[in-house]
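Asks: Sequence:
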Amino acid sequence: MRQCVRRLSLQDIKKPGLLLRTFVMGAQGVFWNVFFLAYLTSPRLCHRFVGYIEEEAVKTYTAAIEAYDQGKLPELQSMAVPSIARTYWRLAPDATMRDVLLAVRADEANHRDVNHTFSSLHDDDINPYVLKKKD
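So the sequence shown is numbered by the working numbering: it starts at 55 and just counts up by one.
What the hints contain is simulated information worked out from the structure, not anything from laboratory work.
Certain hints may be false.
[What the hints assert, rightly or not] Heads up, simulated DSS-like pairs for lysine-lysine below, C-alpha to C-alpha not over 27 Å straight-line:
(1) Lys68 to Lys126
(2) Lys113 to Lys126
(3) Lys69 to Lys126
(4) Lys68 to Lys113
[To be verified] Taking CB as the label site, the calculated pair distances span:
(5) Leu91 to Asp177: 15 to 23 Å
(6) Arg152 to Ile180: 35 to 43 Å
(7) Gln124 to Asp161: 21 to 29 Å
(8) Val88 to Thr114: 34 to 42 Å
(9) Asp161 to Arg102: 15 to 23 Å
What you are looking at is a predicted structure, and each value in this text was computed from that prediction instead of being measured.
The beta-carbon is built from N, C-alpha and C at its ideal position, and this holds for glycine as well.
All chains, please: the whole structure from these sequences, using the hints.
Replies: Here it is as structure tokens:
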């Protein structure tokens, strides 16, 4: 028996059906409440968890950049950088979507480091991200 495999396009991703949207909203609602309760119980555990998620995001963006460089993402290679991305990440006027991927990966790496730092802090530690120089 031959299986039909349809390749997803960016249009498919941009316009999900009602069933998928419902499941996504339900999953977000459940996760938000569970994470809220978990954070009340153990903020360090939650920051570690988010740090690991961010590590996976860095790996994903690294793979996307490699695929882009190998020509496996032709839709992205021909896509113009949205002005909001150019403004948010302070990209050059001639930036490409590869530059966007690099900026997003760097952003995710920063989030990873911040969350792992927060998960390692103890109650009497000073938050290293709000230290100010004394005059």
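Asks: Confirm or reject each hint.
Replies: Hints and how they fare:
no.: 1; hint: Lys68 to Lys126; verdict: holds, 20 Å
no.: 2; hint: Lys113 to Lys126; verdict: holds, 17 Å
no.: 3; hint: Lys69 to Lys126; verdict: holds, 23 Å
no.: 4; hint: Lys68 to Lys113; verdict: holds, 23 Å
no.: 5; hint: Leu91 to Asp177: 15 to 23 Å; verdict: holds, 20 Å
no.: 6; hint: Arg152 to Ile180: 35 to 43 Å; verdict: holds, 38 Å
no.: 7; hint: Gln124 to Asp161: 21 to 29 Å; verdict: holds, 23 Å
no.: 8; hint: Val88 to Thr114: 34 to 42 Å; verdict: violated, 23 Å
no.: 9; hint: Asp161 to Arg102: 15 to 23 Å; verdict: holds, 19 Å
In summary, the one numbered hint that this structure violates is 8.
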